[in-house]
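These protein sequence lines are chains L and A, in that order. Quick note: the first sequence uses the working numbering, first residue 2, plus one each step. Quick note: the second sequence uses the working numbering, first residue 187, plus one each step.
Incorrect hints may appear among the rest.
For each label pair, taking beta carbons as the anchor points, the in silico distance ranges come out as [to be verified]:
| hint | chain 1 | residue 1 | chain 2 | residue 2 | range |
| --- | --- | --- | --- | --- | --- |
| 1 | L | T24 | A | G217 | 51 to 59 angstroms |
| 2 | A | L318 | L | N46 | 17 to 25 angstroms |
| 3 | A | R213 | L | Q45 | 45 to 53 angstroms |
Worth flagging that the hints you see were computed from the coordinates, not collected in a lab. Bear in mind that the values here come from a model prediction, so they are computed numbers and not experimental data. For every residue, glycine included, the Cβ atom is placed at its ideal position computed from N, Cα and C.
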Amino acid sequence: MIKVLFFASFRERVGRAQGMIETSENLTVAEVWARAAAGTPLPQNTLVAVNLEYASLDQVVRNGDEVAFFPPVTGG
Amino acid sequence: MTVLLREVGFDPCEEFSTYQNEVLGQRGKYGAAISFVGTMRDFNEGHKVQAMTLEHYPGMTEKQLGQICAEAERQWEILDALIVHRVGMVKPNEPIVLVAVWSAHRAAAFDACRFLIEALKTRAPFWKKEQLHETTRWVEHNTPVN
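Take the sequences, apply the hints, and build the full model.
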């Protein structure tokens, strides 16, 4: 299982805060979006984290990983 | 190095002095303390803002801020740093963030404090949603430094 999280405007755009993907194969982050985002196109300004660290769209993820998608951060 | 997330309002002056007096434990060692306080405005991009909700990614926020502090510690001779950041609903004039740095001499504290707030703004996973008069909107990017 891969846990997928959406934050802020991405959560609203996709219509859910999280999802689980059942897979036996390794997927890239971009493939995770395609499976989890219910047809929503990947926004241009997407930031990605894999297991709480920033990652790229072509990073490969495995069973047990947590993948998060979110817009540019605006704290402080 | 301490990172605190607060779900209710905080007093940055009180946080600063409590930390310095009760936690820091560097009495006689620090000659400089620098603090930055970020406060919520009641306007943004030409609109009056009534309130703001700060969302974050629990777990990643603490991890990223911890890494940022560790980088500052490697780069400058600082004795300690404190970051306090609000989450949840914030009203105008309430503090959003406190960054405080202690060092023996001022240059390290000034530079590390600036680094910490700029790194926080680009790397820590927080997002602001503003409540305007009749609508809400996500803040899409932070104000550039220059």
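Evaluation of the provided hints:
no.	hint	verdict
1	L/T24 <-> A/G217: 51 to 59 angstroms	holds, 56 angstroms
2	A/L318 <-> L/N46: 17 to 25 angstroms	holds, 22 angstroms
3	A/R213 <-> L/Q45: 45 to 53 angstroms	holds, 51 angstroms
Going through the hint list in order, the structure satisfies each hint without exception.
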